[in-house]
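Q: Sequence:
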Amino acid sequence: MLLSYLIATISAYASIDLARRVKHSKKKEKLIWLILGGAALGIGIWSMHFIAMLAYHFPVPVYYHLFLVILSVIIAGIGCILGFLIVSGQSLPFLRFVLAGIIMGSGIATMHYVGMEAIQPVIITYNDVLFSISIFIAIFASMVALWIGFFSPFSKKEMAWKLKLLFSIIMAFAITGMHYTGMSATNISGHATNLESYSSLLDTNLLAWIVVIGTALIFICLFFSLSFERMYKKHELVQSIILDSAVDGIAVTKDDGTIIHANPAFYQLMNSEENSTNKNYLETYLSTCNQHFSFHQEYHLKKNDHIIEMKKHPIIGEHLQQSLWFFRDITEQVKAKERIEFLAFHDPLTQLPNRYKLEMEIKKQIDTNTELACIFIDLDKLKFTNDTFGHNVGDSLLSFASQRLAHALEVGDLLSRIGGDEFVIILSGNRVKKVDDVVQKCMSEMEVPFTINGTKIRVTISAGVCAFPQEAKNIEELLRFSDLAMYESKRNGKNRVTYFNSLLSEKMRRVHLIEKEMIHAMQHNDFHLLFQPKIQVPTGKVDSVEALIRWNHPELGFISPGEFIPIAEEKDLIWSIGTWVLRAACKQWSEWKTKEMVDMKIAVNISPLQFSKDDFLPMLTSILEETGMNPKRLELEITESSSLAFEEQTRKKLKTIQHMGISISLDDFGTGYSSFKHLKQLPIEVLKIDKSFVDHLIGNHDQESIVRSMIQLGHNLSMKVLVEGVEHKEQAKWLAKEGCDMIQGYYFSKPIPPDQLTKYIIDQKSKEVGVTFSYE
1 MLLSYLIATI SAYASIDLAR RVKHSKKKEK LIWLILGGAA LGIGIWSMHF
51 IAMLAYHFPV PVYYHLFLVI LSVIIAGIGC ILGFLIVSGQ SLPFLRFVLA
101 GIIMGSGIAT MHYVGMEAIQ PVIITYNDVL FSISIFIAIF ASMVALWIGF
151 FSPFSKKEMA WKLKLLFSII MAFAITGMHY TGMSATNISG HATNLESYSS
201 LLDTNLLAWI VVIGTALIFI CLFFSLSFER MYKKHELVQS IILDSAVDGI
251 AVTKDDGTII HANPAFYQLM NSEENSTNKN YLETYLSTCN QHFSFHQEYH
301 LKKNDHIIEM KKHPIIGEHL QQSLWFFRDI TEQVKAKERI EFLAFHDPLT
351 QLPNRYKLEM EIKKQIDTNT ELACIFIDLD KLKFTNDTFG HNVGDSLLSF
401 ASQRLAHALE VGDLLSRIGG DEFVIILSGN RVKKVDDVVQ KCMSEMEVPF
451 TINGTKIRVT ISAGVCAFPQ EAKNIEELLR FSDLAMYESK RNGKNRVTYF
501 NSLLSEKMRR VHLIEKEMIH AMQHNDFHLL FQPKIQVPTG KVDSVEALIR
551 WNHPELGFIS PGEFIPIAEE KDLIWSIGTW VLRAACKQWS EWKTKEMVDM
601 KIAVNISPLQ FSKDDFLPML TSILEETGMN PKRLELEITE SSSLAFEEQT
651 RKKLKTIQHM GISISLDDFG TGYSSFKHLK QLPIEVLKID KSFVDHLIGN
701 HDQESIVRSM IQLGHNLSMK VLVEGVEHKE QAKWLAKEGC DMIQGYYFSK
751 PIPPDQLTKY IIDQKSKEVG VTFSYE
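With the UniProt record's numbering, the residue at position 139 of the sequence shown is 139, and numbering never jumps.
I should point out that these hints are in silico values taken from the structure, not numbers from a laboratory. A hint or two may mislead.
To be verified - Below, computed lysine to aspartate or glutamate pairings styled on DMTMM-like, alpha-carbon distance capped at 20 Å:
(1) Lys-571 <-> Glu-635
(2) Lys-601 <-> Asp-614
(3) Lys-601 <-> Asp-543
(4) Lys-433 <-> Glu-410
(5) Lys-587 <-> Glu-635
(6) Lys-311 <-> Glu-410
(7) Lys-759 <-> Asp-543
(8) Lys-601 <-> Glu-635
(9) Lys-357 <-> Glu-476
(10) Lys-364 <-> Glu-477
(11) Lys-494 <-> Glu-563
(12) Lys-357 <-> Asp-367
(13) Lys-335 <-> Asp-248
(14) Lys-733 <-> Asp-690
(15) Lys-456 <-> Glu-471
(16) Lys-433 <-> Glu-371
(17) Lys-652 <-> Glu-635
(18) Lys-593 <-> Glu-563
(19) Lys-473 <-> Asp-367
(20) Lys-652 <-> Glu-626
(21) Lys-516 <-> Glu-506
(22) Lys-383 <-> Asp-614
(23) Lys-593 <-> Asp-755
(24) Lys-691 <-> Glu-704
(25) Lys-516 <-> Asp-572
(26) Lys-541 <-> Asp-599
(27) Lys-691 <-> Glu-637
(28) Lys-720 <-> Glu-471
(29) Lys-613 <-> Glu-637
(30) Lys-494 <-> Asp-436
(31) Lys-507 <-> Glu-471
(32) Lys-494 <-> Glu-635
To be verified - The following label-pair restraints were derived from C-beta to C-beta distances:
(33) Pro-314 <-> Phe-67: 23 to 31 Å
(34) Leu-99 <-> Ile-35: 14 to 22 Å
(35) Ile-762 <-> Met-522: 28 to 36 Å
(36) Ser-240 <-> Gln-321: 18 to 26 Å
(37) Asp-437 <-> Asn-474: 24 to 32 Å
(38) Glu-361 <-> Ser-240: 16 to 24 Å
(39) Phe-67 <-> Ile-316: 21 to 29 Å
(40) Ile-762 <-> Glu-730: 26 to 34 Å
Just so you know, even glycine gets a beta-carbon here, dropped at the ideal spot from N, CA and C.
Take the sequences, apply the hints, and build the full model.
A: Structure, rendered in structure tokens:
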């Protein structure tokens with residue numbers, strides 16, 4: 001009896017475990033577990049029944065009919081299998097629950113009474129009431145088991161082993177209760193009969209051993225199977241956790257691309273839901289998903305504009321053709337790579353192709369022998385803009401200028417920035433014939449001033465043009481020759497274009513030589529100063545002198561400042577040269593103090609690039625202290641381009657110079673863009689009208705009107721007016737008549753050395769001589 005109860009308990013424990021396993025199994029696995037679970041449960045109940053029967057004391061020795069014993073096992077198994085099958089359906093849960101309980105309970109009861117009929121040779125009768133109660137207990141116990149396994153709250157979550165054990169004990173009572181109720185309903189009496197007439201009878205002892213050993217083997221196999229299955233599930237769970245926690249998308253697909261399993265990262269990458277009805281994503285996105293070979297490629301998902309890196313590994317085995325996919329979102333990596341490649345081939349400020357990209361594109365054209373025109377462009381005075389307004393403004397100017405240059409081009413033209421203030425335009429094919437028009441459009445684009453941070457900045461360009469294959473034969477020559485032509489434009493006054501020719505090569509060699517020798521001259525003090533008097537009108541006396549730098553090279557001879565000063569500005573040597581001139585002029589005044597020229601004022605030209613430096617005022621103060629120069633005897637000549645940098649900083653700098661006692665004059669007036677309001681706000685004492693207005697002055701009514709207006713403008717602004725470049729008597733007389741305050745030029749004196757100037761001034765004072773101006 002205890003053994004039968006123990007088997008009932010084990011059977012109940014197995015039934016609840018199997019029932020839950022059936023409920024949570026996948027579709028294919030469910031049928032397998034239904035058959036195994038139903039069979040195990042049926043055999044367990046059957047074993048409990050026959051072991052209990054073996055403990056029963058019959059009035060006569062009994063045997064068991066083999067066919068009926070086997071039939072009872074089959075009935076128990078089929079009843080449990082049908083019960084599990086019905087209860088695991090999808091619709092009408094209550095009806096399924098009742099029907100499954102009835103079928104399973106009826107199967108158990110039928111198994112019991114068929115097993116009773118297997119007992120031979122006895123006569124069995126039943127009490128109707130207890131018989132009915134036993135059947136009810138079988139059905140009720142089945143319903144309880146099915147409810148706990150499939151419908152109770154316990155079925156929706158993991159059931160603890162203690163709860164399973166409690167359920168097993170209760171079910172064992174129910175199962176054994178049904179059995180013993182059925183036995184109570186049974187009346188057994190001996191029946192003398194000839195056993196030899198029966199075939200296939202089993203001895204009780206033999207049946208006992210068969211039941212015990214068979215049942216033990218079945219349950220041992222069952223529990224080993226469950227244990228291995230739990231281990232497998234645990235292993236599968238660990239793999240699933242690892243798979244689901246992976247950052248990369250992972251999917252396993254069938255041969256046709258249908259997904260068997262995929263982790264959340266995959267659905268997120270594909271921008272899809274895991275429970276979507278259409279899970280054939282790979283078949284949708286990939287045309288190669290049915291090919292059984294490994295591959296690695298990138299795929300652009302148009303759905304969410306992501307770039308996915310895909311790796312496929314086929315899983316091929318016996319009756320198995322699947323694919324393991326790995327997906328990684330490499331959108332950011334690709335964008336970063338593209339950004340790095342862009343930065344490698346483009347200028348970060350203007351976003352234009354850089355020199356490396358330019359040379360690559362030119363090489364492609366040259367390799368196909370395509371006719372090319374190279375336009376080398378340099379922004380004039382960008383360095384001055386950087387030094388005056390700051391590099392932020394300079395960068396903005398470069399960016400805006402590049403946009404204007406691009407506006408002058410057509411599709412197919414190549415614009416690049418190769419460094420600093422230099423741009424290169426490449427025209428190819430038929431566009432080469434339009435090179436003149438393109439250059440003029442580029443210059444026209446620069447005519448309108450740039451407005452940056454509220455400041456208007458005017459910029460011009462110097463351009464050089466070279467053609468392939470007419471002048472240049474390769475990339476190096478094309479860029480170098482167009483660069484030479486551009487520098488020729490800058491030396492000829494800027495804001496112009498020069499076409500390369502063979503003579504430019506010789507000129508450039510001279511430029512490089514002058515640059516080299518200029519550095520040597522500064523190191524060995526090879527420069528010297530000449531001084532040109534400024535004559536008062538109408539007295540003809542010397543008012544002051546202008547210091548002018550000169551350079552006599554031992555091999556190249558006299559080199560004009562008009563030639564080497566622009567080179568010094570381009571090569572960033574102007575600061576050193578300008579500082580040398582200022583120091584030399586102040587030293588000369590210190591020498592003149594002992595030669596009756598203590599009241600002589602010296603004017604020194606200051607380059608816009610020099611004036612714009614932050615170190616200019618400290619440098620000026622240092623030279624005054626070093627040489628003992630009287631600030632009141634010093635005059636600084638700044639150009640209109642210097643004064644055009646009209647910011648608060650520039651105005652403060654000029655005010656500081658004025659407060660030091662130094663005079664300020666505006667040189668080359670009329671060649672720039674000064675306005676009346678602009679001039680009025682600057683502390684300027686002398687207005688110097690450029691020589692270009694005097695060259696064709698006499699007899700030219702328009703020119704006379706212009707110069708007359710300039711003189712009047714200076715006087716209206718309470719400034720003295722000086723006209724330079726006066727070379728003829730008629731010019732001097734006309735200027736004196738119009739009220740010009742001072743005149744400077746070869747008509748009075750060419751620039752002369754300090755000793756000659758000293759003699760000139762002393763003679764003038766002692767002889768009371770000067771220039772006589774007659775208006776007749």
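Q: Next, verify each hint and record whether it holds.
A: Going down the list of hints, with the structure as the test:
no. : hint                            : in the structure
1   : Lys-571 <-> Glu-635             : violated, 27 Å
2   : Lys-601 <-> Asp-614             : violated, 26 Å
3   : Lys-601 <-> Asp-543             : holds, 8 Å
4   : Lys-433 <-> Glu-410             : holds, 14 Å
5   : Lys-587 <-> Glu-635             : holds, 14 Å
6   : Lys-311 <-> Glu-410             : violated, 44 Å
7   : Lys-759 <-> Asp-543             : holds, 15 Å
8   : Lys-601 <-> Glu-635             : holds, 7 Å
9   : Lys-357 <-> Glu-476             : holds, 14 Å
10  : Lys-364 <-> Glu-477             : holds, 16 Å
11  : Lys-494 <-> Glu-563             : holds, 13 Å
12  : Lys-357 <-> Asp-367             : holds, 15 Å
13  : Lys-335 <-> Asp-248             : holds, 18 Å
14  : Lys-733 <-> Asp-690             : holds, 17 Å
15  : Lys-456 <-> Glu-471             : violated, 39 Å
16  : Lys-433 <-> Glu-371             : holds, 10 Å
17  : Lys-652 <-> Glu-635             : holds, 17 Å
18  : Lys-593 <-> Glu-563             : violated, 33 Å
19  : Lys-473 <-> Asp-367             : holds, 11 Å
20  : Lys-652 <-> Glu-626             : violated, 24 Å
21  : Lys-516 <-> Glu-506             : holds, 16 Å
22  : Lys-383 <-> Asp-614             : holds, 14 Å
23  : Lys-593 <-> Asp-755             : holds, 13 Å
24  : Lys-691 <-> Glu-704             : holds, 13 Å
25  : Lys-516 <-> Asp-572             : holds, 13 Å
26  : Lys-541 <-> Asp-599             : holds, 13 Å
27  : Lys-691 <-> Glu-637             : holds, 15 Å
28  : Lys-720 <-> Glu-471             : violated, 53 Å
29  : Lys-613 <-> Glu-637             : holds, 16 Å
30  : Lys-494 <-> Asp-436             : holds, 17 Å
31  : Lys-507 <-> Glu-471             : holds, 16 Å
32  : Lys-494 <-> Glu-635             : violated, 28 Å
33  : Pro-314 <-> Phe-67: 23 to 31 Å  : violated, 53 Å
34  : Leu-99 <-> Ile-35: 14 to 22 Å   : holds, 19 Å
35  : Ile-762 <-> Met-522: 28 to 36 Å : holds, 33 Å
36  : Ser-240 <-> Gln-321: 18 to 26 Å : holds, 23 Å
37  : Asp-437 <-> Asn-474: 24 to 32 Å : holds, 27 Å
38  : Glu-361 <-> Ser-240: 16 to 24 Å : violated, 54 Å
39  : Phe-67 <-> Ile-316: 21 to 29 Å  : violated, 49 Å
40  : Ile-762 <-> Glu-730: 26 to 34 Å : holds, 30 Å
When each numbered hint is compared with the structure, violations occur for hints 1, 2, 6, 15, 18, 20, 28, 32, 33, 38 and 39.
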